[in-house]
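Chain order of the listed sequences is A and B.
According to the working numbering, the first sequence is numbered sequentially starting from 1.
According to the working numbering, the second sequence is numbered sequentially starting from 1001.
Wrong hints could be hidden among the right ones.
As the list claims (entries may be wrong) - Going by beta-carbon spacing under 8 Å, a handful of chain A positions derived as facing chain B: (1) 52; (2) 54; (3) 69; (4) 81; (5) 82; (6) 84; (7) 100; (8) 101; (9) 102; (10) 103; (11) 104.
Hints were generated in silico from the structure; no laboratory data involved.
Predicted model, so just to flag it, every value in this text is computed and none were measured.
Using N, Cα and C, we set each Cβ at its ideal position, and we do this for glycine too.
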Amino acid sequence: MRLIAENLGGERGGEGVFSGVGFALDQGQALVVTGPNGSGKSTLLRIIAGLLPKAEGRLLIEGGGDDFPSIASACHYLGHQNAMKTALSVVENLRFWRDFNGSGDSSVDEALETVGLGGIGHLPFGYLSTGQRRRAAIAKLLVSHRPLWLLDEPTAGLDKASEARFAALMMKHCVAGGMIVAATHLPLGIEATELRMGEATERLPQQGIIS
Amino acid sequence: MWSLFARDIRLNIRAGGGALTGVIFFLAVIATIPFGVGPDLKLLSRIGPAILWIGALLACLLGLDRLFQADREDGSLDLLVLGNDRHMLALTVLVKCLAHWAGSVLPLVVAAPLLGLFMNMEPLGIGATALTLLVGTPAITFIGAAGAAVAVALPRGGLLISVLVLPLTIPVLIFGVSASYGATADPDPFLQPFLILAALTLFLGVLGPASAALALRHGTD
């Protein structure tokens, strides 16, 4: 499976935010999108997911087969919001997304255990702290299988230990043949290609280790 | 899909869901009418079906703004839209509408017979009105879904939704009320307006979710 973007341009409210962004992502690779505020990182992720129309360029996924015919069907999108209901318990939330999105490698309990929230699954989501909410949202990535993870500031609100645990999760996802596109200001601690937004837009991504 | 239905019902019932808001509003409207028009029992029983229908219609509109807005605020709506390839978005919207109807509007239908007593209606008229409400109110929810989808990005969209949706619900109101009258007033037919009401619900059951899905797809930003 291969995610390809060519000469991609995005706009917000008729104003061009970026243009000429291109990359190709193979299985097992990660792309970290960095850049100053307002350079279009979130816009890029939403365009990749198909939540925003692209202003120009080409965007396609190859080799998805029948299971993942489009990028939208092949991706997990983790935005700024956690997409969980405060009135429902953590387990109820995760069980819903598992039923709705299709089941993955981990059960709900295993996923909670993996993100370090074992034992508090019965609490209403609204009672959790910011970091715990984020971890519950990360558990959502595990309960259904998607080859492509689109992560928008995934580590916002996480403590050091959770960051390390999440880095290990992302590595595991890549090793298993997954792909990651993450927009972030903070180092993620994974081996990834970096795409810098906002400076020279017509630049090819550089290979490097961001740690 | 069943899980989405169960989730929305659960959210409706739990704190902040507002399942009871509609019923209490309905009760308030119907309970004040006799004070307004005076204790003329004949007049009350004559306008009873119409008042019940208008009350139910307004109570239906009350909770509509939360139909998609709550999902939009916590980011769930993005994921529901992204799930389009697995669960067609129009179908997702339909399920959300049905859950909204079962959670917020069905209680109105259940409360209608009791409120009919306030209006001095006879049992046959009460039964007919409750039946027409049961068949007709889903149509209001389906139209309302389209309005709610259009206004989803607006922070105070509730009033706009009502203004958008109210004119479109008029046919439902007309045929609902005329079927209710048809059951009691002898020369008027019951079956014909009732069947048109059922047809309206089925028609809007397709058109409403489809247009709402279209609006939601283009409303993500």
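(message) Hint by hint, where does the structure go against what was stated? Just the numbers, ascending.
(response) Numbers 2, 10, 11 - these are the hints that the structure violates, sorted from lowest upward.
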